[in-house]
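Below, each chain spelled out in residue letters.
There are 4 protein chains.
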Amino acid sequence: MCRWLAYSGTPIPLEELLLKRDRSLIDQSLHSRLGATTTNGDGFGVGWYEEGQPPRVYRSTHPAWNDRNLREIAAGISSPLFMAHIRASTGTAIQETNVHPFRYGKWLWMHNGLIRDFAQVKRELVLAVDPSLFPSIEGTTDSECMFYLALTFGLEDDPVLAVERMVGFVEKTGRDHGVEHPLQMTIATTDGTSIWAFRYSSEADSRSLYFSTRMDTLKALYPESVLSLLSDETRAVVSEPLGDLPGAWNEVPEAHVGIIQPGADELRPFVPRA
Amino acid sequence: MCRWLAYSGTPIPLEELLLKRDRSLIDQSLHSRLGATTTNGDGFGVGWYEEGQPPRVYRSTHPAWNDRNLREIAAGISSPLFMAHIRASTGTAIQETNVHPFRYGKWLWMHNGLIRDFAQVKRELVLAVDPSLFPSIEGTTDSECMFYLALTFGLEDDPVLAVERMVGFVEKTGRDHGVEHPLQMTIATTDGTSIWAFRYSSEADSRSLYFSTRMDTLKALYPESVLSLLSDETRAVVSEPLGDLPGAWNEVPEAHVGIIQPGADELRPFVPRA
Amino acid sequence: MCRWLAYSGTPIPLEELLLKRDRSLIDQSLHSRLGATTTNGDGFGVGWYEEGQPPRVYRSTHPAWNDRNLREIAAGISSPLFMAHIRASTGTAIQETNVHPFRYGKWLWMHNGLIRDFAQVKRELVLAVDPSLFPSIEGTTDSECMFYLALTFGLEDDPVLAVERMVGFVEKTGRDHGVEHPLQMTIATTDGTSIWAFRYSSEADSRSLYFSTRMDTLKALYPESVLSLLSDETRAVVSEPLGDLPGAWNEVPEAHVGIIQPGADELRPFVPRA
Amino acid sequence: MCRWLAYSGTPIPLEELLLKRDRSLIDQSLHSRLGATTTNGDGFGVGWYEEGQPPRVYRSTHPAWNDRNLREIAAGISSPLFMAHIRASTGTAIQETNVHPFRYGKWLWMHNGLIRDFAQVKRELVLAVDPSLFPSIEGTTDSECMFYLALTFGLEDDPVLAVERMVGFVEKTGRDHGVEHPLQMTIATTDGTSIWAFRYSSEADSRSLYFSTRMDTLKALYPESVLSLLSDETRAVVSEPLGDLPGAWNEVPEAHVGIIQPGADELRPFVPRA
Numbered sequence: 001m002c003r004w005l006a007y008s009g010t011p012i013p014l015e016e017l018l019l020k021r022d023r024s025l026i027d028q029s030l031h032s033r034l035g036a037t038t039t040n041g042d043g044f045g046v047g048w049y050e051e052g053q054p055p056r057v058y059r060s061t062h063p064a065w066n067d068r069n070l071r072e073i074a075a076g077i078s079s080p081l082f083m084a085h086i087r088a089s090t091g092t093a094i095q096e097t098n099v100h101p102f103r104y105g106k107w108l109w110m111h112n113g114l115i116r117d118f119a120q121v122k123r124e125l126v127l128a129v130d131p132s133l134f135p136s137i138e139g140t141t142d143s144e145c146m147f148y149l150a151l152t153f154g155l156e157d158d159p160v161l162a163v164e165r166m167v168g169f170v171e172k173t174g175r176d177h178g179v180e181h182p183l184q185m186t187i188a189t190t191d192g193t194s195i196w197a198f199r200y201s202s203e204a205d206s207r208s209l210y211f212s213t214r215m216d217t218l219k220a221l222y223p224e225s226v227l228s229l230l231s232d233e234t235r236a237v238v239s240e241p242l243g244d245l246p247g248a249w250n251e252v253p254e255a256h257v258g259i260i261q262p263g264a265d266e267l268r269p270f271v272p273r274a
Numbered sequence: 001m002c003r004w005l006a007y008s009g010t011p012i013p014l015e016e017l018l019l020k021r022d023r024s025l026i027d028q029s030l031h032s033r034l035g036a037t038t039t040n041g042d043g044f045g046v047g048w049y050e051e052g053q054p055p056r057v058y059r060s061t062h063p064a065w066n067d068r069n070l071r072e073i074a075a076g077i078s079s080p081l082f083m084a085h086i087r088a089s090t091g092t093a094i095q096e097t098n099v100h101p102f103r104y105g106k107w108l109w110m111h112n113g114l115i116r117d118f119a120q121v122k123r124e125l126v127l128a129v130d131p132s133l134f135p136s137i138e139g140t141t142d143s144e145c146m147f148y149l150a151l152t153f154g155l156e157d158d159p160v161l162a163v164e165r166m167v168g169f170v171e172k173t174g175r176d177h178g179v180e181h182p183l184q185m186t187i188a189t190t191d192g193t194s195i196w197a198f199r200y201s202s203e204a205d206s207r208s209l210y211f212s213t214r215m216d217t218l219k220a221l222y223p224e225s226v227l228s229l230l231s232d233e234t235r236a237v238v239s240e241p242l243g244d245l246p247g248a249w250n251e252v253p254e255a256h257v258g259i260i261q262p263g264a265d266e267l268r269p270f271v272p273r274a
Numbered sequence: 001m002c003r004w005l006a007y008s009g010t011p012i013p014l015e016e017l018l019l020k021r022d023r024s025l026i027d028q029s030l031h032s033r034l035g036a037t038t039t040n041g042d043g044f045g046v047g048w049y050e051e052g053q054p055p056r057v058y059r060s061t062h063p064a065w066n067d068r069n070l071r072e073i074a075a076g077i078s079s080p081l082f083m084a085h086i087r088a089s090t091g092t093a094i095q096e097t098n099v100h101p102f103r104y105g106k107w108l109w110m111h112n113g114l115i116r117d118f119a120q121v122k123r124e125l126v127l128a129v130d131p132s133l134f135p136s137i138e139g140t141t142d143s144e145c146m147f148y149l150a151l152t153f154g155l156e157d158d159p160v161l162a163v164e165r166m167v168g169f170v171e172k173t174g175r176d177h178g179v180e181h182p183l184q185m186t187i188a189t190t191d192g193t194s195i196w197a198f199r200y201s202s203e204a205d206s207r208s209l210y211f212s213t214r215m216d217t218l219k220a221l222y223p224e225s226v227l228s229l230l231s232d233e234t235r236a237v238v239s240e241p242l243g244d245l246p247g248a249w250n251e252v253p254e255a256h257v258g259i260i261q262p263g264a265d266e267l268r269p270f271v272p273r274a
Numbered sequence: 001m002c003r004w005l006a007y008s009g010t011p012i013p014l015e016e017l018l019l020k021r022d023r024s025l026i027d028q029s030l031h032s033r034l035g036a037t038t039t040n041g042d043g044f045g046v047g048w049y050e051e052g053q054p055p056r057v058y059r060s061t062h063p064a065w066n067d068r069n070l071r072e073i074a075a076g077i078s079s080p081l082f083m084a085h086i087r088a089s090t091g092t093a094i095q096e097t098n099v100h101p102f103r104y105g106k107w108l109w110m111h112n113g114l115i116r117d118f119a120q121v122k123r124e125l126v127l128a129v130d131p132s133l134f135p136s137i138e139g140t141t142d143s144e145c146m147f148y149l150a151l152t153f154g155l156e157d158d159p160v161l162a163v164e165r166m167v168g169f170v171e172k173t174g175r176d177h178g179v180e181h182p183l184q185m186t187i188a189t190t191d192g193t194s195i196w197a198f199r200y201s202s203e204a205d206s207r208s209l210y211f212s213t214r215m216d217t218l219k220a221l222y223p224e225s226v227l228s229l230l231s232d233e234t235r236a237v238v239s240e241p242l243g244d245l246p247g248a249w250n251e252v253p254e255a256h257v258g259i260i261q262p263g264a265d266e267l268r269p270f271v272p273r274a
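Keeping their order, the protein sequence lines are chains A, B, C and D. Quick note on numbering: the numbering used here labels position 11 of the first sequence as 11, and the sequence is numbered without any gaps. Quick note on numbering: the numbering used here labels position 141 of the second sequence as 141, and the sequence is numbered without any gaps. Quick note on numbering: the numbering used here labels position 110 of the third sequence as 110, and the sequence is numbered without any gaps. Quick note on numbering: the numbering used here labels position 50 of the fourth sequence as 50, and the sequence is numbered without any gaps.
Keep in mind the hints are simulated off the structure, nothing from the lab. Predicted, not measured: the structure shown is a model, and the values here were computed from it. Check before you lean on any hint, since a few could be wrong.
Because identical chains share one entry, a pair is satisfied inside a single copy or across any pair of copies.
Calculated pairs, DSSO-like style, for lysine-lysine (alpha carbon to alpha carbon, straight line, at most 27 Å) [claimed, not checked]:
id	residue 1	residue 2
1	Lys106	Lys122
2	Lys219	Lys20
3	Lys122	Lys20
4	Lys172	Lys122
5	Lys106	Lys172
Construct all of the structure, not just a fragment, from the sequences and the given hints.
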């Protein structure tokens, strides 16, 4: 089972969330507590935005905990919006082109979960990708396939609708092949300004997903803490809570999507569309 | 431009042709003489057969000349039929799943050359792969795509016909997209008993390909040499001559296929079929 | 904490012990039960002997569970004597030259444990290595340093004495630097004919080590099993039991050395020599 | 033969010199013109400084020309002082700990050349390293050994004197072992403020080294060019000229050291000290 986090707010060095504290993302990769598998050593990726630049991505197929380049980069780069993902393969090859986050133009995408019986349905799914997008697919995972389907269904215009249509299509295709519960997912995607975080599974028993509590609430709870350095807009979404601060994390309900955006954040039900 | 060799005959340690002599395959990867690019550092693969076993494949994305595991394996393994390939990418990603030879069941396949404007035609080509074969595609290269098209067109039953149909299909698809010369190739494929080696290009100006001279002729020319240890049936096919023995190599003519097989070998014209 | 196994007896494909059964060595690397760390993803090595050949070694810094080349090699190579090691680094770099087993001439060496405060004592230890051996050191681990010290103290002539002197020297050097318990180790070394397996620690609380039960006993216990295919001489030594066969494994006592050799095997107390 | 560059001046994205133009450093790694070997595929490293931070280093053992992470980082990071190195191994292992630049505190160091018969003299050289510095040595190269000897001889206080003493010591040690010409080097080292670039060899026939012409001169020669964006203080030192601008590069004379520093730069004779 993969692990991921997405961060938006006051620019901080990547290492703050990836490496520094107990129960950081890297620490989780060694000792997953809520995950279905005990080790996440099949690849690590981080994507980040800097002022006026397209997103950059660092990907590695070495276990994150012994990747020295990652430590250098995570210490040297600060960003107001970044995503990181630790992979536990569900069968596809261990190679950089299969490491999340995936990128298309200014968009990043990452996924925890799987399309069940992907080998059976892959051909149909891939052939539904828009022919103009098809050549940009670089890897072989179900996760990247979902990204290109979402792009085909209009991710750049209406992200929630596009993901709802993508999920509907994947579920229909799976069920046509006799797969009872075709899809399991938490997904984060961003255009560099907002972050959309989805929690859904065909069996209504999705993997965990947490939003950080509003910063003004947290600052009131912990007035002396380093949190005072972060803007009230600062938020994180994670597959598993980071750190041990009571009250800091709220579980995203089953079949919901959360949106971190300029102005008020949102939490809405998520309904696949056939 | 890639480099490759295929060997059939008296079992020898892989290192004899891969590593040992001046102008071995590895030496060529550092100092390509006839190739279009000066360096072949984008991956190395070797596939070999042993008595009663399916083919095994070792693949690496490190440059062959500094791969210590390759040296160990090449020294420790002897085989009567093996293939090796050094990759110079024409654009697709550097990853093990893109390293030749590709394998399907008892078959191995490797390629030097390219499908021009592959990104434009890939979707149509992949769509033509038999749905039962589709899930076995692991990488993203034009070369592997050609292999699965050839399998779709009957490689296991009639290899020459299947490759002629594959080439005809690739050329038609390319020309439909306005590509003047869609295909450039030398290809070797084997079922563990025979080797088929193809030289063809749409522009009738194919990359080089050489067959070793008949062993009885070579032994008569060099009666004192180590060649006396090799059976009369022993043959090699290479993209560029190995070693410096005068008279040892004969160029395969443009648009021909050579077949190394039990009994008399064959050399025939190669004609794509639409 | 590392994991290792050493095998001697009827030639078998490496995959039989490395990959095939539940609780194989690779399975252990994902779910260590008796180890001090939960994951062993910092490198994998296997060394093997074949008739009349020097030992060959395959080393990788990718986690063993997703190394495709390892699967190919382990399926294709049979050997009457081999060793395999899965590394969990205690601090030194993740690189092939730090992967066990280490090799010198016909000897292989692997280690689980550590020299405590190695950075403090390394210079003195390395200085004690015979100048003629010094240039052969390729990596930076405590384990390889112990190997070269043992070679300096006569490993090739009297392995038990040499390791006793090495341990005595390492303990003295550590204590001179104020280290209370300088050494923790299980070690296996072989010349291709016999295997010496050591269990020792300065604090008399060593990591686990198991010998397989005599084959004639096991065959009497399990007369219908595949064990009948193995010679009575066949033995394995492992850091943690493989498989689930009751009665198959016997713990090596604290501060002992076991010797698998032609004729009767031996088990003796191990006493460091200053 | 390795290739390197060092840059100081107006902050620019790393990719400007590493990747962008014809005859960039990466381009050189594929088609070395002045080098002793034709390919530099044995590792790539870049070290950079940012305001108020210690130097960061990215190292890879993949060929630079197909390293995607390098392209991301080189596009995303701007720096006023950086160094990059492409390695062609003279024998030591291909691993990240052997990739230049090496780092100690705020210092970086890189080298093109070799200590001849290094295996013979390594033990003596390593034992001359200050015991407090010894544990920081991570790799196995002659180049890193020279760095730690220079640190031992006072690099942090007087870089030119320290390198002169290091070279004198290496030459004496080599000659004691019967090596006629012990050392061949171009070296760049920096503390983040100044850069020292050395050209020297025992045989007085050193590998090439070039300084960029003074910016005011270049701007007068090319008043319309992008050079106008760079400060007059901007300078680069390279093993082989980048780009094709006539008059842009001046060869550093045999046995000289150049110093790029705040205020007037310097060029002085270099004299080893016994």
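Structure-based check of each hint:
1. Proximity of Lys106 and Lys122 under a CA criterion of 27 Å is satisfied in both settings, with 26 Å inside one chain copy and 24 Å between copies.
2. Taking the shortest alpha-carbon separations for Lys219 and Lys20, only the intra-copy value of 21 Å comes in at or below 27 Å, while the best inter-copy value is 46 Å.
3. Taking the shortest Cα distances, Lys122 and Lys20 never come within 27 Å of each other, neither inside one copy (39 Å) nor across copies (29 Å).
4. Both within a single protomer and between protomers do Lys172 and Lys122 lie at most 27 Å apart by alpha-carbon distance, with minima of 13 Å and 26 Å respectively.
5. Taking the shortest Cα distances, Lys106 and Lys172 never come within 27 Å of each other, neither inside one copy (29 Å) nor across copies (36 Å).
Hints 3, 5, counting from the list given before, are not met by this structure.
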